[in-house]
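Those protein sequence lines, which keep their order, are chains A and B.
Take the first sequence: its position 113, counted from the start at 1, is 113 in the numbering used here, and no numbers get skipped.
Add 306 to a position in the second sequence, counting from 1, and you land on the number used in the numbering used here.
Just so you know, the hints here were simulated from the structure itself, not pulled from any lab data.
Just so you know, even glycine gets a beta-carbon here, dropped at the ideal spot from N, CA and C.
Please note that a few of the clues may not be correct.
[What the hints assert, rightly or not] For each label pair, taking beta carbons as the anchor points, the in silico distance ranges come out as:
#, chain 1, residue 1, chain 2, residue 2, range
1, B, Leu332, A, Glu198, 33 to 43 Å
2, B, Arg375, A, Ala43, 47 to 57 Å
3, B, Ala371, A, Pro60, 58 to 68 Å
[Unchecked claim] Quick look at which bits of chain B chain A covers, simulated, 3 or more residues with Cβ under 8 Å:
#, stretch
4, 386-396
5, 471-485
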Amino acid sequence: MAAYLARRLLQSVLILLGVSFITYVLLYVLPADPVRQIAGRSATAETVENIRHELGLDRPFIVQYGRYLAGLVQGDLGRSYLQKSQVAELIASRLPATLLLMLGAILCELAIGLTFGVLAALKRGTFLDQTLMMASFITVSAPQFVVSLLLLYVFAVKLGWFPIGGYGTFAHLVLPALTLGILGSGWYSRMMRSSMIEVLRADFIRTARAKGLTRARVVLGHALPNAILPVIAMIGIDIGIFMGGIVVVESVFGWPGIGQLAWQAIQRVDIPIIMGVTLVSALAIVLGNLLADLVAPFIDPRIKLK
Amino acid sequence: MTDATVDRAAPQGTLRRLMRRKLALLGLALIVLVVAGAVLAPWIAPFDPNDQMFDGLTIEGAPLAPDGRFLFGTDLLGRDLFSRILYGAQTSLIIGVVANGLALLIGTLVGITAGYFRGWVGSILMRFTDLMMAFPALLLAICLAAIFKPSLWIVAMVIALVNWVQTARVIYTETSSLATRDFIAAERTLGAGTGRILFRHILPHLVPTIIVWGTLGISTTVLLEATLSFLGVGVQPPTPSWGNIIFENQTYFQSAPWLVFLPGAAIILLALAFNLVGDALRDVLDPTQRGRD
Numbered sequence: 001m002a003a004y005l006a007r008r009l010l011q012s013v014l015i016l017l018g019v020s021f022i023t024y025v026l027l028y029v030l031p032a033d034p035v036r037q038i039a040g041r042s043a044t045a046e047t048v049e050n051i052r053h054e055l056g057l058d059r060p061f062i063v064q065y066g067r068y069l070a071g072l073v074q075g076d077l078g079r080s081y082l083q084k085s086q087v088a089e090l091i092a093s094r095l096p097a098t099l100l101l102m103l104g105a106i107l108c109e110l111a112i113g114l115t116f117g118v119l120a121a122l123k124r125g126t127f128l129d130q131t132l133m134m135a136s137f138i139t140v141s142a143p144q145f146v147v148s149l150l151l152l153y154v155f156a157v158k159l160g161w162f163p164i165g166g167y168g169t170f171a172h173l174v175l176p177a178l179t180l181g182i183l184g185s186g187w188y189s190r191m192m193r194s195s196m197i198e199v200l201r202a203d204f205i206r207t208a209r210a211k212g213l214t215r216a217r218v219v220l221g222h223a224l225p226n227a228i229l230p231v232i233a234m235i236g237i238d239i240g241i242f243m244g245g246i247v248v249v250e251s252v253f254g255w256p257g258i259g260q261l262a263w264q265a266i267q268r269v270d271i272p273i274i275m276g277v278t279l280v281s282a283l284a285i286v287l288g289n290l291l292a293d294l295v296a297p298f299i300d301p302r303i304k305l306k
Numbered sequence: 307m308t309d310a311t312v313d314r315a316a317p318q319g320t321l322r323r324l325m326r327r328k329l330a331l332l333g334l335a336l337i338v339l340v341v342a343g344a345v346l347a348p349w350i351a352p353f354d355p356n357d358q359m360f361d362g363l364t365i366e367g368a369p370l371a372p373d374g375r376f377l378f379g380t381d382l383l384g385r386d387l388f389s390r391i392l393y394g395a396q397t398s399l400i401i402g403v404v405a406n407g408l409a410l411l412i413g414t415l416v417g418i419t420a421g422y423f424r425g426w427v428g429s430i431l432m433r434f435t436d437l438m439m440a441f442p443a444l445l446l447a448i449c450l451a452a453i454f455k456p457s458l459w460i461v462a463m464v465i466a467l468v469n470w471v472q473t474a475r476v477i478y479t480e481t482s483s484l485a486t487r488d489f490i491a492a493e494r495t496l497g498a499g500t501g502r503i504l505f506r507h508i509l510p511h512l513v514p515t516i517i518v519w520g521t522l523g524i525s526t527t528v529l530l531e532a533t534l535s536f537l538g539v540g541v542q543p544p545t546p547s548w549g550n551i552i553f554e555n556q557t558y559f560q561s562a563p564w565l566v567f568l569p570g571a572a573i574i575l576l577a578l579a580f581n582l583v584g585d586a587l588r589d590v591l592d593p594t595q596r597g598r599d
């Protein structure tokens, strides 16, 4: 176990190094010049060169990347080009909002996805099953911004139940979390359905029925706890999908998390912030996958870590 | 995997089995509808999609609601929304086919090479694929698209660059299991070259997988293009795309919701169509999935 963990952590570090290198190369060769952005349009050539020198952007690529890595191992993600603050601090100040949204989104996903999945499995082959599975197809086919705007229009503009955007109270959290929850639920409901169908076929369920237990006891007491575990184990992988999607939802709802930070930075070519957010997202994806792999053997003893 | 002989005989059977599935038929019908709309756009669009009509706005300068003349209403510049959505279908389909085709090609090449040539070539390619899996794909795509001044083809390339990874993994797994099978060993003993083994013997077995992932991939591509265009870093106006129609009109979204939700519905329907067909194809083409509904 310890050896496995050590090897996986080493792999994760290598992957993150790779991500940092590729992102750095991409941002290095990009045609947009951050120095011009900072200096503004009326800057003289001399000013531009001064800024370039100050930021170390006149050094060879390897030197620049080496410096970045040297800072990275000390937890220093560099300084934002346009806002005069440390990237690590900017991300740290935005992270709680993103984590809160992630928590809300995952709760919504599970609530919708697991309920629909169990219902579909119990009513397998009926109209309800087909409707729920069609719904799951639609949710995986809908872009985030359309669902965001639809929920905003219905629940904020027309019904006025929730604020149109922003951050601070529980009411602000509902719509963005529900958007991500609806979009992610299709995936869970399909998994939950097939897991439940498989468990309902198992011998121990027949035994439970034969003992004369009520249908509710069999489903809730015996089938559900067994069927739900493999689905719950997927939350780790879901974190990765979540990190990919926050840019849009946070921008539409004005949610001050790292997705919005990234989007603002992309528009202003604020490279240190883009680098920082990419690395933090990649870290979340890698840790999420690691978590999913570590949890798996506890849920299904047939799976061995190797 | 089915036998090679069964594979060759499959097309009619596949189509027939696909036709028996109601959801797949619905998906096919939607695809045919969108393709017809895109191809016939120059003839069936009631107006020029870029014509900013003087009578296309209210006296206050607001967009017109859907009525008999403007089927889907007009947008913020007084252009006919129905015509723009028809031409927008061209954009979605071109990007869907080109970007996805490119991603499929990269993914298949990487997967087949890594799966057949074990050793350092295979490990390097697969480590690189793992690395790409850890990338926040949408963030990367937005970043790339924002940096290069996006044209239709650049958007397609950016999408292909972030979308090949899944295909590569699946093809890798299948190729590496095929490579150890007896019939491949027999071919090698008979003196067949690497190229012949890869293209004549391994590739045909991968065709079902490539078809399934190719179909499902179009849906992902359509969604990604719409998202990039919605953020203003995808296909640039005045070229209509369903994503940039919403991008342009979102300031009016409270007073003229049709400008957001009609193109939105078009995106969902097209992505849904490819997902339905792809899912049915997976059931039909992959024997291990059969009977599991």
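Hints and how they fare:
1. The hinted range of 33 to 43 Å is not satisfied by B:Leu332 and A:Glu198, whose Cβ atoms lie roughly 27 Å apart.
2. Taking 47 to 57 Å as the suggested C-beta distance range, the pair B:Arg375 and A:Ala43 conforms, at roughly 52 Å.
3. Under the hint 58 to 68 Å, the C-beta atoms of B:Ala371 and A:Pro60, about 60 Å apart, fit the expected range.
4. Only residues whose C-beta sits within less than 8 Å of a C-beta in chain A count toward coverage, and the stretch 386-396 of chain B has 0 of them, not enough to reach three; the restraint is violated.
5. For the stretch 471-485 of chain B, the stated coverage by chain A is not satisfied: 0 residues place a CB nearer than 8 Å to a CB of that chain, which falls below the threshold of 3.
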